[in-house]
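Student: So you can see what is in the structure, the chains are spelled out below.
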Amino acid sequence: MSERTFDVVGTRPVRHDGVDKVTGRAAYGADANWPGMLHGALLRSPHAHARIVSIDTSAAEAMPGVKAVLVGAELPDTNASISLGEAAIELRDMSHSMLARTKVVYHGQAVAAVAATTLDIAKEAASKIVVTYDVLRPVLTVDEALAPGAPILHDDLVTKGAAIGPKTNTNLAARYEFKRGDLDAGFDAADVVVEREFRTPTVHQGYIEPHACIARCGEDGRAVVWATTQGPFVVRDASAAIAGLDPAHVKVVPSEIGGGFGGKIVVYLEPIALALSRKAHRPVKMVMTRDEVFRATGPTSGTKTHVKIGAKRDGTIVAAKVSLWYEAGAFRGSPVGAGAMCALAPYRIPNFFIEAHDVVVNKPKVAAYRAPGSPMAMFAVESVVDELARELKMDPIDLRLKNAVDEGDQAAYGPKFGPIGLKTLLRAAKTHPHWSAPLGPNQGRGFALGFWFNGGMNSAATVTLGADGSAAVVTGNPDIGGTRAAQAMMVAEELGIDVDRVRPSVGDTDTAGYTDVTGGSRVCFATGMAVINAAAEVREELKRRAAKIWNVSPDAVAWEKGRVIPPTGAKETKSGADAQPMSVAQVAAKMTHTGGPIVGRASLYAPMAGPGFGGHICDVEVDPETGRSRIVRYTALQDVGKAVHPSYVEGQMQGGAAQGIGWALNEEYVYNRDGVMENAGFLDYRMPVASDLPFIDTVIIEVANPLHPYGVRGVGEVPIVPPLGAVANAMRSATGVRFTQLPMSPPRVLEHIAAREAVAVGA
Amino acid sequence: MAIVHLPSGLAQFTGGVESVAIDAPRIADMLAELRRRFPQLADQLDDIAVAVDGDIYADPGYQPLRADSDVHLVPRIAGG
Amino acid sequence: MKLHIETTINGEPTEFLCDGHETLLSALRNGLGLTGTKEGCATGDCGACSVLLDGRLVPACLVLAPEAQGRSVTTIEGLATGDALHPIQRVFLEDAALQCGICTPGFIIAAKALLDANPNPTEEQARFWLAGNLCRCTGYDKIIRAVLDAAAVMNEGAAV
Numbered sequence: 077m078s079e080r081t082f083d084v085v086g087t088r089p090v091r092h093d094g095v096d097k098v099t100g101r102a103a104y105g106a107d108a109n110w111p112g113m114l115h116g117a118l119l120r121s122p123h124a125h126a127r128i129v130s131i132d133t134s135a136a137e138a139m140p141g142v143k144a145v146l147v148g149a150e151l152p153d154t155n156a157s158i159s160l161g162e163a164a165i166e167l168r169d170m171s172h173s174m175l176a177r178t179k180v181v182y183h184g185q186a187v188a189a190v191a192a193t194t195l196d197i198a199k200e201a202a203s204k205i206v207v208t209y210d211v212l213r214p215v216l217t218v219d220e221a222l223a224p225g226a227p228i229l230h231d232d233l234v235t236k237g238a239a240i241g242p243k244t245n246t247n248l249a250a251r252y253e254f255k256r257g258d259l260d261a262g263f264d265a266a267d268v269v270v271e272r273e274f275r276t277p278t279v280h281q282g283y284i285e286p287h288a289c290i291a292r293c294g295e296d297g298r299a300v301v302w303a304t305t306q307g308p309f310v311v312r313d314a315s316a317a318i319a320g321l322d323p324a325h326v327k328v329v330p331s332e333i334g335g336g337f338g339g340k341i342v343v344y345l346e347p348i349a350l351a352l353s354r355k356a357h358r359p360v361k362m363v364m365t366r367d368e369v370f371r372a373t374g375p376t377s378g379t380k381t382h383v384k385i386g387a388k389r390d391g392t393i394v395a396a397k398v399s400l401w402y403e404a405g406a407f408r409g410s411p412v413g414a415g416a417m418c419a420l421a422p423y424r425i426p427n428f429f430i431e432a433h434d435v436v437v438n439k440p441k442v443a444a445y446r447a448p449g450s451p452m453a454m455f456a457v458e459s460v461v462d463e464l465a466r467e468l469k470m471d472p473i474d475l476r477l478k479n480a481v482d483e484g485d486q487a488a489y490g491p492k493f494g495p496i497g498l499k500t501l502l503r504a505a506k507t508h509p510h511w512s513a514p515l516g517p518n519q520g521r522g523f524a525l526g527f528w529f530n531g532g533m534n535s536a537a538t539v540t541l542g543a544d545g546s547a548a549v550v551t552g553n554p555d556i557g558g559t560r561a562a563q564a565m566m567v568a569e570e571l572g573i574d575v576d577r578v579r580p581s582v583g584d585t586d587t588a589g590y591t592d593v594t595g596g597s598r599v600c601f602a603t604g605m606a607v608i609n610a611a612a613e614v615r616e617e618l619k620r621r622a623a624k625i626w627n628v629s630p631d632a633v634a635w636e637k638g639r640v641i642p643p644t645g646a647k648e649t650k651s652g653a654d655a656q657p658m659s660v661a662q663v664a665a666k667m668t669h670t671g672g673p674i675v676g677r678a679s680l681y682a683p684m685a686g687p688g689f690g691g692h693i694c695d696v697e698v699d700p701e702t703g704r705s706r707i708v709r710y711t712a713l714q715d716v717g718k719a720v721h722p723s724y725v726e727g728q729m730q731g732g733a734a735q736g737i738g739w740a741l742n743e744e745y746v747y748n749r750d751g752v753m754e755n756a757g758f759l760d761y762r763m764p765v766a767s768d769l770p771f772i773d774t775v776i777i778e779v780a781n782p783l784h785p786y787g788v789r790g791v792g793e794v795p796i797v798p799p800l801g802a803v804a805n806a807m808r809s810a811t812g813v814r815f816t817q818l819p820m821s822p823p824r825v826l827e828h829i830a831a832r833e834a835v836a837v838g839a
Numbered sequence: 015m016a017i018v019h020l021p022s023g024l025a026q027f028t029g030g031v032e033s034v035a036i037d038a039p040r041i042a043d044m045l046a047e048l049r050r051r052f053p054q055l056a057d058q059l060d061d062i063a064v065a066v067d068g069d070i071y072a073d074p075g076y077q078p079l080r081a082d083s084d085v086h087l088v089p090r091i092a093g094g
Numbered sequence: 111m112k113l114h115i116e117t118t119i120n121g122e123p124t125e126f127l128c129d130g131h132e133t134l135l136s137a138l139r140n141g142l143g144l145t146g147t148k149e150g151c152a153t154g155d156c157g158a159c160s161v162l163l164d165g166r167l168v169p170a171c172l173v174l175a176p177e178a179q180g181r182s183v184t185t186i187e188g189l190a191t192g193d194a195l196h197p198i199q200r201v202f203l204e205d206a207a208l209q210c211g212i213c214t215p216g217f218i219i220a221a222k223a224l225l226d227a228n229p230n231p232t233e234e235q236a237r238f239w240l241a242g243n244l245c246r247c248t249g250y251d252k253i254i255r256a257v258l259d260a261a262a263v264m265n266e267g268a269a270v
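Protein chains in written order, with the working numbering: chain A, 77 to 839; chain B, 15 to 94; chain C, 111 to 270.
Worth double-checking, as some hints may not be accurate.
Claimed, not checked - Within a straight-line C-alpha distance of at most 27 angstroms, the following computed BS3-like cross-link-like pairs (lysine-lysine) qualify:
| id | chain 1 | residue 1 | chain 2 | residue 2 |
| --- | --- | --- | --- | --- |
| 1 | A | K478 | A | K499 |
| 2 | A | K199 | C | K112 |
| 3 | A | K204 | C | K112 |
| 4 | A | K478 | A | K506 |
| 5 | A | K469 | A | K384 |
Said to hold, decoys possible - What the simulated footprint calls covered on chain A by chain B, stretch by stretch (three residues with Cβ under 8 angstroms from a Cβ of chain B suffice, anywhere in the stretch; the number is not a length):
| id | stretch |
| --- | --- |
| 6 | 445 to 452 |
| 7 | 730 to 740 |
Read the hints as simulated data drawn from the structure, not as lab findings.
Remember, predicted model here, so these are calculated numbers, not experimental data.
The beta-carbon is built from N, C-alpha and C at its ideal position, and this holds for glycine as well.
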């Protein structure tokens, strides 16, 4: 692809929505209040696994101020499945998960809902609802769920894919398998083999803004929903189906969104708010508490993985076996398939066997979390590769370079790679000053890779020109990380106008063309392409208008950086002088006289076609007395294809790194034997704070993605993948201990250091 | 003929066959042909993504196949 | 019966009704329409509800609304003066120190409290002062840079 030079892309304008955000004016989900609004509250199950014997709502219904009470039996049952963007989700599971029918399958699952004039009344009324349960034993780990005689969560669950063992009366929801070559021969030919088992805990996306919505269902069945969401069209389609409304009569207006990371692709409240509103004939506002967010929204899977890799003395990897078991939570659908596909993605390996298991357990149904499935699998593989490097006495980056995939290589998951930046990245990491900087006492350094496919799918965009030559661009993608700024920049680039004179906005499900979710690292790539195409349509129309003004053929009009250029010989109509180039504004001013308003629109379905690699270098210092680890230096490298707004690209890399560091060092759901989460708050669910981290250096690598006019690859998800392995490898270097269980929190570190010292003393 | 590769996990529904040569103009035709040749595979294809010459379609439909396309079936992946 | 509270918010004499158990956060957001202060956890752990109470940095979710009686409250809505953003607000924008923006009002208030108390903090001092404000999007890098840049800008202004 030829090197295109850009005027706007690659610069760092201040984001258009910025002033509203620094002044507190920007309206997030809970910031709206509608006239006549009621408040909704949920009664949640105190048991992790139980049959619902009876629900008596009479005391709640009798309370003054209570306007509607809802139980699951009142919602329609649906076998439909909607495309949640990139994966099909069983609507029935989503519906049952958000409001139980005959069984509860995780602690905190909602069993009834109340709408009342104040939140206090709603909560009190909910507490007066009497539910009798027949309590069952919960299963809380993949081992418990798959053990013979384990309590079965769903009688009708049938294992998808290739099952080993019975496909019914099981908690094994799915099994996938990938293989290549001859595994046994491969291991026979290996000079060195490393094998380890790993465990990672349930962790939450940790978005600071809890789920919130207001729903208003009118007497005619037409409804409006205001919600914080990554996918307004998902909210519309899923809420309508679950609440029993016609989606043709439902409009969803997305608020600003306070973080999502995949956790706001699913709906939890909106269908309930709609159903309550329909009963109460008033709008209903529902906002989750932080406690509810932890207990009853989808975190990502806890996992068990088993990795065995064999290499020759010269570092060539000849065989790999990866076995994954991921907790799906109470309903099927963990990201284990993606984990299986990412695990070996960076490597050319002639013989491998990957098996992946999706297992239901009595925990909340998992939801997507930034590169879903990849971090856990790559943590395991990158740890083993690091051990291999040690055994081979090879530099860990050199070992990876020796086996790295490149353009034309077949990915472990099947298709061949197009142009990718993995080798470029590895070479950049190797020569980065961080890699050779000296280390201090109790410090260690680790490196690890990450991979994500990066999404495509449905996007639509409209670009409308004003008579003053300014432009408005509308898409249906809520802006989580700065995509409005990037879209404005694209329009400015394509039309040659000032980025400040482009107004980017997020439409609702009526004003924006159908668009898949903000997620999957697809907005800048796929929606961006739609924006570029829509702007290009405006540009073509401007040339046609100029042609009318100059009375020439449209093919004769040229375009140059925001101006239409007349062909030689063209004359001004009034004066008869030679025609002069016109700016966008000048042509736009005449739109009424040349054919009417100028609107460009585009829609597309893009394949997943811009896979991304990241590699992180981490220095950690471990206090041997307290077991506390401190990240002392961190560098994130990533191939992003083309950085439209480098500040927000850097931001994605830094934010993903921080989440991965938290996952590696401190974050975990702590469950008691009854399946109740014991640390459902930000104090004890310990995410990184400012004093935990250093500045996070970023290196943006740009190996253009040929499918995108600017070369853009998705950037948002990859950066959460490398940190788990990078931190674990740094801990190995600092302590001599290969941690195979996350998080590497102080008690665990102390326990392992003490054990290692006991062994050393004993020997 | 496009060559369609199945992940090894689906081989149990095709009697062990992991690669199939199919002459089809579009993904939908290719999937229909797979269902015809391997009836037991049909249910497993409801939730599949299709990669054509490296590009993964999470919603496989009427996208065109070339005569020499390299096609892989992969599990549907969700982003976050 | 509700309590009648008279207070000063962002320099304006303000009165509101509240229940005895209601938090200042709830009173600001619901009664007074000041939704710039956010609720992230309601247990004082995330800092999204940071406000200044008589100039002191507090989480509004841990202050009872009646405690505002006779005192002065500063929220994010009170930082800009007329057309001029506060330097901290301006620098946050220029340094791209926000992504989703939900934590931003809390950080700006907390940063103001920091720079009021210590106009020239080191990176470490800034990190520890702001350890009570959670951000899940940025990894704190650009936020800390913005706070240190804002300090430099404000000191420059003060020096002149």
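Student: Give me the numbers of the hints this structure contradicts, sorted from smallest to largest.
Tutor: Violated hint: only 7; rest satisfied.
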